[in-house]
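*Asks:* Sequence:
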Amino acid sequence: MNQAHIHLLLTHLPIVGSLLGVLALLAGFAFRSEPVKRTALGLFLFAALSAIPTFLTGEGAEEMVENVPGVQEGLIGRHEDMASIFIWLISGLGLLSIATLAASLKNASLSKALYAITLISSLATAGMATQVGATGGKIRHTEIG
Numbered sequence: 003m004n005q006a007h008i009h010l011l012l013t014h015l016p017i018v019g020s021l022l023g024v025l026a027l028l029a030g031f032a033f034r035s036e037p038v039k040r041t042a043l044g045l046f047l048f049a050a051l052s053a054i055p056t057f058l059t060g061e062g063a064e065e066m067v068e069n070v071p072g073v074q075e076g077l078i079g080r081h082e083d084m085a086s087i088f089i090w091l092i093s094g095l096g097l098l099s100i101a102t103l104a105a106s107l108k109n110a111s112l113s114k115a116l117y118a119i120t121l122i123s124s125l126a127t128a129g130m131a132t133q134v135g136a137t138g139g140k141i142r143h144t145e146i147g
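Each residue of the sequence shown is one higher than the one before, counting from 3 in our numbering.
A hint or two may mislead.
Said to hold, decoys possible - Computed Cβ-Cβ distance ranges for the label pairs, DEER-style:
1. Q74 with N109: 11 to 21 Å
2. K114 with R142: 25 to 35 Å
3. F33 with D83: 36 to 46 Å
4. N4 with A126: 29 to 39 Å
5. G72 with N109: 14 to 24 Å
6. I87 with L51: 13 to 23 Å
7. L51 with L125: 16 to 26 Å
8. A104 with E68: 40 to 50 Å
Hints were generated in silico from the structure; no laboratory data involved.
In this text, a Cβ means the ideal position worked out from N, Cα and C, and glycines have one as well.
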C-alpha cells in the first residue's frame, strides 16, 4: 500500500468527522443536551487527529498522480492550497474542543461562550472540509486500479 492509497483511505475521516460534529453540536443545542454537545467535541477532536496523517500523506499521493495522463497540476495545487488552510482550521477546532470540554466540566458560564465559538468555528471548518474534498475528488486516481 502506498501513500496515495493511505491518503484516499483516510481522506474522508476529517471531512465526515467535522460534518457529523456540526450536526451533533446543533442537536446538542436544540435538545439542550450536554452529553450530545460533548459527543460533538469528541467528533471534532477525532476529525482533527485524523486530519494529521491525511495531510501528511498528501504529498506522497501527489507524487503518485502528478504524471498520470489526464491529471491537471492546477487541480492538485488548488487541493493542496485548500488542504493547507483546512489543517490549520481543523487543528484549531480540535484545540478549541479540548478547551470547551474542560470548561464544560468546570465553568458553566465560560463553557457557554466557548460552545458558541466552537459552533462558529466548526461551521467554517466543515465548509472548508467540503471544499477540500470537492477539489480532491476532481483529481483522477487511476493509480489504485
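*Asks:* Could you work out which earlier hints the structure fails to respect and list their numbers in ascending sequence?
*Replies:* 1, 2 and 5
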